[in-house]
Amino acid sequence: TKLEVLYLINNSFSGFQLTGAQHGLLNLDISKNSFTGELPQNMGIVLQKLVYMNISKNSFEGNIPSSIAKMQGLRVLDVSTNNF
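For the sequence shown, position 53 (counting from the first letter as 1) is numbered 55 according to our numbering, and the numbering increases by one without interruption.
The hints are simulated quantities; they were obtained by calculation from the structure and are not laboratory data.
Certain hints may be false.
Cβ pair distances, simulated, as ranges [what the hints assert, rightly or not]:
no., residue 1, residue 2, range
1, 80, 14, 15 to 23 Å
2, 29, 71, 18 to 26 Å
3, 74, 14, 27 to 35 Å
4, 65, 19, 16 to 24 Å
5, 13, 71, 26 to 34 Å
6, 72, 14, 24 to 32 Å
7, 10, 66, 14 to 22 Å
8, 4, 63, 27 to 35 Å
9, 85, 4, 29 to 37 Å
10, 13, 86, 18 to 26 Å
In silico DSSO-like cross-links for lysine-lysine, where the CA-CA straight-line distance does not exceed 27 Å [unchecked claim]:
no., residue 1, residue 2
11, 72, 51
12, 51, 4
13, 34, 72
14, 4, 72
15, 72, 59
16, 51, 34
17, 34, 4
18, 59, 34
Even for Gly, the Cβ is constructed at its ideal location relative to N, Cα and C.
All chains should be modelled from the sequences, with the hints used to inform the complete structure.
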């Protein structure tokens with residue numbers, strides 16, 4: 003089986019990192035954590051199948067990667083309350 007939904011809401015997680023294991027994800031919610039730094043430039047390629055992504059209420063900074071445009075099925079994107 004493949005992991006399709008990952009909700010890690012309202013914890014104190016930090017150190018956001020992508021590996022190849024997330025390729026099948028459809029829903030990702032890592033809101034209300036302590037993630038910092040820039041989003042990976044390959045985010046839109048690794049998470050190409052995402053329909054829902056909520057990374058709000060963290061401390062991400064920098065630019066939102068242009069590769070997110072490759073997420074053609076993405077319907078919900080919440081990046082609010084970060085440092086973009």
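Comparing the hints with the structure gives:
At roughly 20 Å, the beta-carbon separation of residue 80 and residue 14 lies within the given 15 to 23 Å, and the hint holds. Remark: the range hint 18 to 26 Å for residue 29 to residue 71 is upheld by a beta-carbon distance near 19 Å. For the pair residue 74 and residue 14, the beta carbons lie near 33 Å from each other, so the given range of 27 to 35 Å is met. Judged by the Cβ atoms, the range 16 to 24 Å given for residue 65 and residue 19 holds: they are separated by roughly 18 Å.
The given range of 26 to 34 Å is respected by residue 13 and residue 71, whose C-beta atoms sit roughly 29 Å from each other. The hint said 24 to 32 Å for the Cβ distance between residue 72 and residue 14, and at roughly 31 Å that hint holds. Separated by about 20 Å at the C-beta atoms, residue 10 and residue 66 satisfy the suggested range of 14 to 22 Å. For residue 4 paired with residue 63, a C-beta distance near 31 Å keeps the hint of 27 to 35 Å intact.
Between residue 85 and residue 4 the beta carbon distance is about 32 Å. The supplied range of 29 to 37 Å therefore holds. Between residue 13 and residue 86 the beta carbons are some 21 Å apart, a value that agrees with the proposed interval 18 to 26 Å. The straight-line distance between the Cα atoms of residue 72 and residue 51 is roughly 9 Å, inside the 27 Å bound, and the hint therefore holds. With a CA separation close to 12 Å, the supplied pair residue 51 and residue 4 stays within the 27 Å bound.
Only pairs whose Cα atoms come within 27 Å are accepted, and residue 34 paired with residue 72 is accepted, the gap being roughly 25 Å. Distance check on the hinted pair: residue 4 and residue 72 sit about 21 Å apart at the alpha-carbon level, within 27 Å; holds. Restraint check: the Cα-Cα separation between residue 72 and residue 59 comes to about 24 Å, which is no more than 27 Å; the hinted pair holds. A distance of roughly 23 Å separates the Cα atoms of residue 51 and residue 34; the hinted pair therefore holds under the 27 Å criterion.
Our distance criterion of 27 Å between C-alpha atoms is met by residue 34 and residue 4, whose separation comes to about 25 Å. Our distance criterion of 27 Å between C-alpha atoms is met by residue 59 and residue 34, whose separation comes to about 5 Å.
Checked against the numbered hints above, the structure violates none of them.
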